[in-house]
Amino acid sequence: MTASWRFLAALGPATAVALGLFWIMTSLVGGEGREFDRAPRQPLMNFIRMDDAPRPVEERRRERPKPPEEPQAVPPLPAVPTARSPEPQAPRLDVPLPQFRPDLALSGVPAAAPAAPSGPAGPVAYSQPLTPVSQVPPVYPRRALMQGLSGWVKLTFIINEDGSVGDVEVVEASPRRGVFDHEAVRALSRWRFNPQTVDGRPVAAYATITINFNLEN
Amino acid sequence: MFEQAYAVRHFFAAGGPVMWAILLVAIALWTLILERYWYHWFVYPREFARLKARWEDSSNDALWQARKIQAQEVSQLRRQLVGSVFLIRTFITLCPLLGLLGTVTGMIQVFDVLGFHGTGNPRAMASGVSMATIPTMSGLVVALSGLYFSIDLQRRGSAKARVAADVLSQILVKAGKHETQTASQ
Numbered sequence: 001m002t003a004s005w006r007f008l009a010a011l012g013p014a015t016a017v018a019l020g021l022f023w024i025m026t027s028l029v030g031g032e033g034r035e036f037d038r039a040p041r042q043p044l045m046n047f048i049r050m051d052d053a054p055r056p057v058e059e060r061r062r063e064r065p066k067p068p069e070e071p072q073a074v075p076p077l078p079a080v081p082t083a084r085s086p087e088p089q090a091p092r093l094d095v096p097l098p099q100f101r102p103d104l105a106l107s108g109v110p111a112a113a114p115a116a117p118s119g120p121a122g123p124v125a126y127s128q129p130l131t132p133v134s135q136v137p138p139v140y141p142r143r144a145l146m147q148g149l150s151g152w153v154k155l156t157f158i159i160n161e162d163g164s165v166g167d168v169e170v171v172e173a174s175p176r177r178g179v180f181d182h183e184a185v186r187a188l189s190r191w192r193f194n195p196q197t198v199d200g201r202p203v204a205a206y207a208t209i210t211i212n213f214n215l216e217n
Numbered sequence: 001m002f003e004q005a006y007a008v009r010h011f012f013a014a015g016g017p018v019m020w021a022i023l024l025v026a027i028a029l030w031t032l033i034l035e036r037y038w039y040h041w042f043v044y045p046r047e048f049a050r051l052k053a054r055w056e057d058s059s060n061d062a063l064w065q066a067r068k069i070q071a072q073e074v075s076q077l078r079r080q081l082v083g084s085v086f087l088i089r090t091f092i093t094l095c096p097l098l099g100l101l102g103t104v105t106g107m108i109q110v111f112d113v114l115g116f117h118g119t120g121n122p123r124a125m126a127s128g129v130s131m132a133t134i135p136t137m138s139g140l141v142v143a144l145s146g147l148y149f150s151i152d153l154q155r156r157g158s159a160k161a162r163v164a165a166d167v168l169s170q171i172l173v174k175a176g177k178h179e180t181q182t183a184s185q
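In order, the protein sequence lines correspond to chains Z and F. Mapping of the first sequence onto UniProt numbering: position 90 corresponds to residue 90, and the numbering continues sequentially without gaps. Mapping of the second sequence onto UniProt numbering: position 184 corresponds to residue 184, and the numbering continues sequentially without gaps.
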């Protein structure tokens with residue numbers, strides 16, 4: 001009788017102890033219980049992205065440069081019309097020039113012989129088909145090979161009287177500079193052409209050539 | 001107070017249904033423990049004093065009979081002292097096993113989630129994992145909280161029973177000596 005009463009009376013404190021145990025476990029887990037204390041103290045930070053105005057979309061379009069077609073033969077360059085300066089319209093003066101005759105005794109002085117015509121003043125355009133007599137193939141540059149680049153180089157050069165190549169200059173190149181130029185110049189310098197002949201005599205002539213660098217898979 | 005209650009409630013929700021079984025076992029365990037301490041501190045001294053007084057007052061003629069009666073009473077006393085300690089120890093053993101049960105059910109839930117979502121959703125797996133681990137922890141904590149008291153109660157009960165037997169037999173011996181002395185005179 002008394003024993004069962006004791007059990008009933010102990011039930012209440014025992015429940016309290018058990019709930020206390022579970023509360024201790026909750027704080028052991030470190031879950032929700034601590035967040036209640038911590039939440040109001042922490043300042044809340046919120047990042048909002050603010051754009052003033054929608055920015056226009058920038059588009060970059062890249063186009064493949066068209067490789068220029070290989071000229072079969074450089075046509076003879078037409079005579080470049082030299083710009084003629086207009087006649088100066090100076091006011092004409094009707095001043096009576098004094099009539100005098102210089103009677104200088106120059107008859108004794110030997111006159112200089114007229115200069116013999118020594119060939120053309122400048123190189124002429126190369127009129128034959130640009131087929132080299134001997135050709136050194138250009139080496140594909142290692143850097144372009146690794147990057148997978150292909151392009152072309154347009155060069156002007158002078159074919160000397162003996163058929164050798166000199167005075168090579170790069171006119172245009174794609175990609176822009178430095179990738180193929182050196183190799184193209186190096187290769188072209190070793191080529192040989194038939195010299196241009198004028199009246200049966202070999203003369204220096206200038207020509208233009210485009211060397212293509214194509215990467216074949 | 002409300003916040004703590006909310007936290008405990010959340011804890012229970014995370015732990016799954018096994019938590020309620022563990023809570024029931026914890027309440028039963030602590031009811032038994034508190035009852036035992038109450039008995040040791042308040043009830044037993046009175047009972048023992050009453051018993052001692054009865055034996056001191058009583059004048060038994062037959063010593064053998066008195067010894068037997070005393071032995072029976074001491075045995076009853078020991079049973080009262082140590083009786084429910086066995087139940088306490090059973091509950092303490094039960095608690096981690098219940099936690100293990102919760103682990104297994106939680107793992108089954110994790111596998112269900114894995115089967116449904118695949119491994120790509122750890123957030124869904126988390127509830128199952130917490131369901132697996134929280135009952136284990138709570139079972140262990142309840143068992144640990146009761147372990148010391150169960151051992152203490154066991155030793156306390158057996159010691160008190162031994163002391164009671166000694167004291168009562170001493171009373172009997174004194175009475176017997178007194179009796180023999182009176183008989184010789």
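Hints listed in this document are in silico derivations from the structure and should not be mistaken for laboratory results. The beta carbon of each residue, even a glycine, is placed where N, CA and C say it ideally should be. Do not take every clue at face value.
[What the hints assert, rightly or not] Computed Cβ-Cβ distance ranges for the label pairs, DEER-style:
| no. | chain 1 | residue 1 | chain 2 | residue 2 | range |
| --- | --- | --- | --- | --- | --- |
| 1 | Z | 140 | F | 126 | 58 to 64 Å |
| 2 | F | 75 | Z | 23 | 27 to 33 Å |
| 3 | F | 120 | Z | 51 | 45 to 51 Å |
| 4 | F | 56 | Z | 23 | 46 to 52 Å |
| 5 | F | 120 | Z | 63 | 42 to 48 Å |
| 6 | F | 114 | Z | 12 | 39 to 45 Å |
| 7 | Z | 24 | F | 63 | 54 to 60 Å |
[Said to hold, decoys possible] Some, not all, of what chain F presents toward chain Z, calculated at C-beta under 8 Å:
| no. | residue |
| --- | --- |
| 8 | 1 |
| 9 | 35 |
| 10 | 63 |
| 11 | 65 |
Structure-based check of all given hints:
Roughly 59 Å separates the CB atoms of residue 140 (chain Z) and residue 126 (chain F), a value that falls within the hinted 58 to 64 Å. For the pair residue 75 (chain F) and residue 23 (chain Z), the beta carbons lie near 42 Å from each other, so the given range of 27 to 33 Å is not met. Between residue 120 (chain F) and residue 51 (chain Z) the Cβ separation comes to about 34 Å, which falls outside the hinted range of 45 to 51 Å. Distance hint for residue 56 (chain F) and residue 23 (chain Z): a CB-CB separation of about 50 Å, consistent with the stated range 46 to 52 Å.
At roughly 43 Å, the beta-carbon separation of residue 120 (chain F) and residue 63 (chain Z) lies within the given 42 to 48 Å, and the hint holds. For residue 114 (chain F) and residue 12 (chain Z), the hinted distance range of 39 to 45 Å is satisfied, since their beta carbons lie about 44 Å from each other. Between residue 24 (chain Z) and residue 63 (chain F) the beta carbons are some 56 Å apart, a value that agrees with the proposed interval 54 to 60 Å. Violation of the interface hint for residue 1 (chain F) is found here, the shortest Cβ-Cβ separation to chain Z being roughly 10 Å, above the 8 Å cut-off.
Proximity of residue 35 (chain F) to chain Z holds as hinted, the smallest CB-CB distance being about 4 Å (cut-off 8 Å). Among the interface hints, the one on residue 63 (chain F) is violated; its C-beta lies about 33 Å from the nearest C-beta in chain Z, farther than the 8 Å criterion. Proximity of residue 65 (chain F) to chain Z is violated relative to the hint, the smallest CB-CB distance being about 29 Å (cut-off 8 Å).
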